[in-house]
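Enquirer: Here's the letter readout for the chains.
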Amino acid sequence: MAEENRAFTAASFKIFLTKEKKLVGVRCRACGTLSPEPRPMCHSCHGRDMEWYEFSGKGRLSTFTCISIVPARMSEKGYGRDNPYCTGIVTLEEGPRLSALIIGVDAAKPEDIETGTEVVLDLAEVDSESPTPTFRPA
Amino acid sequence: MSSTSRKRQLGRPVSIVGAGMSRFGAFADKDSRDLFVEAFQDMLDNLDQGIDVGDIECAYVGNYSSDLFEHQGHTAPIIADWLGLTPMPVTRIENACASSGSALREGIMAIASGLYDIVLVGGMEKMTSLPTEGVTDVLATAADGLYEVPAGLTFPGIFGAIATSHMDRYETNLDHLLKVGIKNHENGALNPKAQFNVTIQSLMERRMARAHERGQPVPEYVTEMDFLNDPGANPWIAWPLRLYDCAPITDGAACVLLVASEIAQNFTDKPIELAGTGQASGRPLHDADELTSLSAAKAAAGKAYEMAGVTADDIQVAEVHDCFTIAEIVATEDLGFFAPGEGSKAVDEGRTALNGDKPINTSGGLKAKGHPVGASGVAQVAEIFHQLRGESGDRQVNNPNLALGLTHNVGGTGGTCVVNILRRSS
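If you read the sequences in order, they're chains A and B.
Going letter by letter, the first sequence gives residues 1 to 138 in our numbering.
Going letter by letter, the second sequence gives residues 1001 to 1426 in our numbering.
The set of hints was computed from the structure by calculation and includes no laboratory data.
Mixed in with the good hints, there may be bad ones.
Stated by the list, open to error - DEER-style ranges, computed between Cβ atoms:
(1) A:LEU34 <-> B:ASP1313: 21 to 31 Å
(2) A:GLU111 <-> B:GLY1336: 29 to 39 Å
(3) A:GLU54 <-> B:GLY1336: 19 to 29 Å
(4) B:GLY1134 <-> A:MET41: 50 to 60 Å
(5) A:LEU34 <-> B:GLN1041: 51 to 61 Å
(6) A:ASP82 <-> B:ARG1210: 15 to 25 Å
(7) A:MET41 <-> B:ASP1048: 29 to 39 Å
(8) B:ILE1263 <-> A:PRO40: 18 to 28 Å
(9) B:PRO1231 <-> A:SER56: 34 to 44 Å
(10) B:ASP1226 <-> A:GLY47: 33 to 43 Å
(11) A:LYS77 <-> B:ASP1168: 21 to 31 Å
(12) A:SER75 <-> B:PRO1231: 17 to 27 Å
(13) A:ASP112 <-> B:ASN1229: 50 to 60 Å
To be verified - To spell it out: a stretch of chain B is covered by chain A in this simulated footprint if at least three of its residues, at any positions, have a beta carbon under 8 Å from a beta carbon of chain A; those stretches are:
(14) 1127–1136
(15) 1150–1156
(16) 1235–1245
(17) 1282–1295
We put the CB at the ideal spot given by N, CA and C, even for glycine.
Please model the complete structure; the sequences and the hints are all you need to start from.
Expert: Right, here's the structure in full:
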């Protein structure tokens, strides 16, 4: 489906992540504000003229946590007390931040993970049911 | 004058004349309605000059998720029925863990508007009906289900990320977090209604005694820190947060009776005035202004201070939303008690202890008193009500001039914050 025909919704966000392996959010044509989450209205100027905006997928790890008591969905994937996973907040090189799963780090050794680490988008194994932007150290 | 900069005042003064709480804990045989009745009866039993229950005109009940915890929606009329107060209007307010803080504001406004004179406000949550994994999933519904939860962020996870940021940016370390828990358990040990009516020292000694009884190797703990640094006793939940950094899963209820200040003397000689109230909303952590602060807390506090005509320095005792130890440190900074980054030092120096210059969470806080999420906001107000009236027993703040207290109730990970300032009437 052509990008211009897609609604500015989470459903479209997920299709970009899973089918096209891209991180695509929106840009407000009126004020230029970027949002990784597709929104039908600009949260900054309330403008209604939004356009799709593909992020480069490069950023820095701003903060993180390594989770040992995991939700049901992550438990099904084998994560848990003895196999924690890392998740956190990435600041994209374009400026906005987003919540993201962090792979390619040892979540059992959180003291070795450093904030500020350069990360890149890696959607090779993105969950098709509940996709999320996923990053690994660059 | 823009609508957001106008100084806001209540249409008429509102006071609290009574407060009640159920025991907080895990009660397999009680539903949330039973807990609410227990809190209501506690309030009636302690109302100085009593009340004809039928005089209560309206009620607001904070409740986060009876839908998922108890498979029961539409809880407000059930409460009216269980209190024998139908057809009184009752409305349930849901704002995650700030549900009853928000309910309180609705009650305040209902009186300030002139519509009612006597309003009951409470909150309740029955959480232990689900296993820990289920509770984790329910609490996660207070975060953004489309853009936070899929990333694997849990409730402790989001506060873990805040803690990582705080440790990164300031001199906060893991010991500071643990010391918040030690302090709150010391207060909780003095609160007979607390879920953990016990110090961490006692929990440590119990663990050693249990190992001894079972003929197992006895852990060589000397201090509480040794115990808290043992991953067997204090496992990781969401690094850098461990079990003792997290508020427990709790069943409980609390309520207060609000009246127009002009009739407060009909109920008690010691009414507590609601001097200021503020509420604000905030964005998910990834869209927050800072990763070490909750902007909604700062905004709500600013409104409450302005309405009360006081500053952070004037506050003599406060109950803050320590759903995690880091949350208490951040709260004391957002409220302006300490400069950004100085909240952890204040804990280290004992300034927030019961005998410190800024006693925080004298009830034991969410950490030790327990955190039945929908009840916590009003339970905080109940604690400050009793403190300002000098009736907190062993945990009474030792200050004969105690007159100004504050409550700070957070919903979710900062999506909602309600701050109230209470003043003892002179």
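Enquirer: For a quick check of understanding: which of the numbered hints are violated here, in increasing order?
Expert: 1, 3, 4, 7, 8, 10 and 13
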